[in-house]
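Student: Protein sequences appear in the order of chains C and P. Position one of the first sequence corresponds to residue 237 (our numbering), numbered consecutively onward. Position one of the second sequence corresponds to residue 237 (our numbering), numbered consecutively onward.
Check the hints yourself; a few may be wrong.
No copy labels: a pair is met if it fits in one copy or bridges any two.
DMTMM-like cross-link-like pairs, simulated, lysine to aspartate or glutamate; straight-line CA separation at most 25 Å [said to hold, decoys possible]: (1) K250 with E308; (2) K317 with E248; (3) K250 with E336; (4) K250 with D309; (5) K274 with E336; (6) K274 with D306; (7) K250 with E316; (8) K274 with E248; (9) K250 with D306; (10) K250 with E305; (11) K317 with E305; (12) K250 with D271; (13) K317 with D253; (14) K274 with D321.
Just so you know, these hints were derived from the structure itself, not from any lab.
Okay, here's what each chain looks like letter by letter:
Number of protein chains: 2
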Amino acid sequence: MVKVSVLYPNGEGKSFDMDYYCNKHVPMVAGLLGDSVKAATVEMGLAGGTPGSFAPYAGMGNLYFNSVEDFEDSFGPNAEKIMGDLPNFTNIEPLIQVSEVMI
Amino acid sequence: MVKVSVLYPNGEGKSFDMDYYCNKHVPMVAGLLGDSVKAATVEMGLAGGTPGSFAPYAGMGNLYFNSVEDFEDSFGPNAEKIMGDLPNFTNIEPLIQVSEVMI
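Bound conformation, chain C alone (with noise of 0.2 Å):
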């Protein structure tokens, strides 16, 4: 199983529209992707490690396929269409991470 995590960096003057992104953006991209998408999951930042402290990423978004494949194949032809709507809910520009899921 392939994990590809969309992770938006915290930080002065960054805003992430967490209402927007779990009820407009991820059930776009997931009807967007379709099958392929086997689960989504989305995580908002509380803290770092230490109590207090900023946490790193604002929010985090994860999609999972069967293969790398899979994702490229179904993202590819609809990545326009998902970048594009990124200003409607931050001005972060997202990390992105393709890994496998090892547990």
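Starting from the structure of chain C, add chain P where the hints point.
Tutor: Just chain P, lined up with the frame of chain C:
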């Protein structure tokens, strides 16, 4: 539900023993923290957002708790032992994020 992510940034000269991490470190941590841990997941970095690019994180470990208090109360007394195991599998200083699970 609260997710504690332990992210190991990739980089030149960085090493990460995924076998030790999955088979020794994570089970040790789960054993020490006991019932407060509701789930544990591990991912290995494959790539960044563009084909052939470097994964931002060599490895990511995630622990799920019912609350931030459950994390702090169970992790605190075991922090020294857990952090002391890091040199056995990596020379990377991890980034920690505490998140609220939204989806």
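Student: Should K250 paired with D309 be assigned to within, between, both, or neither, using CA atoms and 25 Å as the limit?
Tutor: Cα proximity of K250 and D309: none, with 31 Å in one copy and 31 Å across.
Student: Within a copy, between copies, both or neither: where do K250 and E308 come within 25 Å Cα-Cα?
Tutor: Answer is neither; intra-copy 29 Å and inter-copy 28 Å both fail.
Student: Up to 25 Å between alpha-carbons, please classify K250 paired with D306: within, between, both or neither.
Tutor: Classified as neither; 32 Å inside a copy, 30 Å across copies.
Student: Under a CA distance limit of 25 Å, which applies to K274 and E336: within one copy, between copies, both, or neither?
Tutor: both (14 Å within a copy, 21 Å between copies)
Student: With 25 Å as the alpha-carbon cut-off, assign the pair K274 and D321 to within, between, both or neither.
Tutor: Answer is within; shortest intra-copy Cα gap is 22 Å, inter-copy 34 Å.
Student: Is it within a copy, between copies, both, or neither that the alpha carbon of K317 lies no farther than 25 Å from that of E305?
Tutor: Only inside one copy: K317 and E305 sit 20 Å apart there, 40 Å across copies, limit 25 Å.
Student: When Cα atoms must be at most 25 Å apart, do K250 and E316 count as within-copy, between-copy, both, or neither?
Tutor: within (22 Å within a copy, 34 Å between copies)
Student: Are the CA atoms of K250 and E305 at most 25 Å apart within a copy, between copies, both, or neither?
Tutor: Intra 33 Å, inter 28 Å, cutoff 25 Å: neither.
Student: Indicate which option fits the pair K250, D271 if close means a Cα-Cα distance not exceeding 25 Å: within, between, both or neither.
Tutor: Answer is neither: 33 Å inside a copy and 37 Å across each miss the 25 Å cutoff.
Student: When no copy is named, should K317 and D253 be tagged within, between, both, or neither for a Cα gap of at most 25 Å?
Tutor: Close inside one copy (18 Å), not across copies (38 Å); limit 25 Å.
Student: My question is about K250 and E336: at a cut-off of 25 Å on alpha-carbon distance, are they close within one copy, between copies, both, or neither?
Tutor: Result: close only across copies, 19 Å inter versus 29 Å intra.
Student: Is it within, between, both, or neither for K274 and D306, if the alpha carbons may be no more than 25 Å apart?
Tutor: Within one copy only: 10 Å inside, 30 Å across.
Of the hints listed earlier, those the structure fails to meet are numbers 1, 2, 4, 8, 9, 10 and 12, in rising order.
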